[in-house]
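The whole structure should be built from the sequences, with the hints applied where relevant.
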Amino acid sequence: MKGRQDEQLSLPPDGRSLAEQPKWRQDFPIDWPEDHYVSRRDFTKFMVLTSFAFVIGQVWIALQNYFRTRRGDPAIRQIATADQVPIGGALTFEYPYPHDTCLLLRLNEQEFVAYSQKCTHLSCAVVPQLESNRLYCPCHEGAFDLASGAPTAGPPQRPLPRIKLEIYGDAIYASDVELRTT
Amino acid sequence: MKRRFSREQRLTIIYGILCIVLIIVMLQLWLLMASMNAYLGGDSSVIWPSVVASFICFGLNAGLLWYIRKIEKS
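Protein sequences, first through last, are from chains L and P. In this text, residue positions in the first sequence follow our numbering: the first is 1, and each later residue adds one. In this text, residue positions in the second sequence follow our numbering: the first is 183, and each later residue adds one.
Source of the hints: derived by calculation from the structure; they are not laboratory data. Just to be clear, a hint being listed does not mean it is correct.
Restricting the straight-line Cα-Cα distance to at most 30 angstroms, the calculated cross-link-like pairs of lysine-lysine (DSSO-like) are [unchecked claim]: (1) L:Lys118 / L:Lys164; (2) P:Lys252 / L:Lys45; (3) L:Lys45 / P:Lys255.
Listed next, the stretches of chain P that the computed footprint assigns to chain L, with coverage defined by at least 3 CB atoms under 8 angstroms from CB atoms of chain L [what the hints assert, rightly or not]: (4) 186-198; (5) 206-220; (6) 226-233; (7) 237-244.
If you anchor each label on the Cβ, the simulated ranges turn out as follows [unchecked claim]: (8) L:Ile87 / P:Asn219: 33 to 41 angstroms; (9) P:Asn219 / L:Leu165: 44 to 52 angstroms; (10) P:Phe237 / L:Pro86: 53 to 61 angstroms; (11) P:Gly224 / L:Tyr136: 22 to 30 angstroms; (12) L:Arg25 / P:Glu254: 24 to 32 angstroms; (13) P:Ile205 / L:Asn108: 47 to 55 angstroms; (14) L:Ala171 / P:Ile238: 51 to 59 angstroms; (15) P:Gly241 / L:Leu130: 50 to 58 angstroms.
Glycine included, every Cβ here is placed at the ideal spot set by N, Cα and C.
Next up, the structure:
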């Protein structure tokens, strides 16, 4: 075991003794073990700060979730009449709030589906391509299945939020937004 | 009696602590991504457990940092 006096010696990186080192290093020796120790200690401190930042992020998500839960379900609102949407056609509407653009799609005579128009990857507007049976995101070549809203190609991982529809006679109402992870 | 570590021993200790801290921080990053994905997908069941788990991870990291300060003072 090294003595306490030895520990005070500066250790050059090549391992040779101080007498064998160039003069500039003899004049300005660097204590490499101490230098390594300090740099790693400071990096550890920075990582602990990062750890704290992650906790703040988690709390922020929890608060956002709390406020979203307090807002409650959106109000039921008429968005269109059946004759406004031809079979194989699409109509845009805003629900539940202004600027939340959604797509109403008519798959056949009786079947309507509606999704949020924001891509679940980076919120670009998706474009309906009914001939290909998909909703296409031009930003990063993402695609979603028309019938289910599930991602079928590209970077999106989550399905498009589905707008719940209720049909009374000829009128089509949006009643809720269904967020989904799978 | 307080124990005094040599510089080489302290360097070994700091390497070990740094490895543990890095693993814990990566776990926290994974937790944050999972929570964000759950929140955006409307699943709120995992959010508060994630907050607790992340806080415990931070507590472990802070404890290791406190240990570094302790060995520097000894």
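Hints versus structure:
no., hint, result
1, L:Lys118 / L:Lys164, "holds (16 angstroms)"
2, P:Lys252 / L:Lys45, "holds (14 angstroms)"
3, L:Lys45 / P:Lys255, "holds (16 angstroms)"
4, 186-198, "holds (count 7)"
5, 206-220, "holds (count 10)"
6, 226-233, "holds (count 5)"
7, 237-244, "holds (count 5)"
8, L:Ile87 / P:Asn219: 33 to 41 angstroms, "holds (36 angstroms)"
9, P:Asn219 / L:Leu165: 44 to 52 angstroms, "violated (26 angstroms)"
10, P:Phe237 / L:Pro86: 53 to 61 angstroms, "holds (54 angstroms)"
11, P:Gly224 / L:Tyr136: 22 to 30 angstroms, "holds (24 angstroms)"
12, L:Arg25 / P:Glu254: 24 to 32 angstroms, "holds (27 angstroms)"
13, P:Ile205 / L:Asn108: 47 to 55 angstroms, "holds (54 angstroms)"
14, L:Ala171 / P:Ile238: 51 to 59 angstroms, "holds (52 angstroms)"
15, P:Gly241 / L:Leu130: 50 to 58 angstroms, "holds (54 angstroms)"
Comparing the model with each earlier hint shows a violation of hint 9 alone; every other hint is respected.
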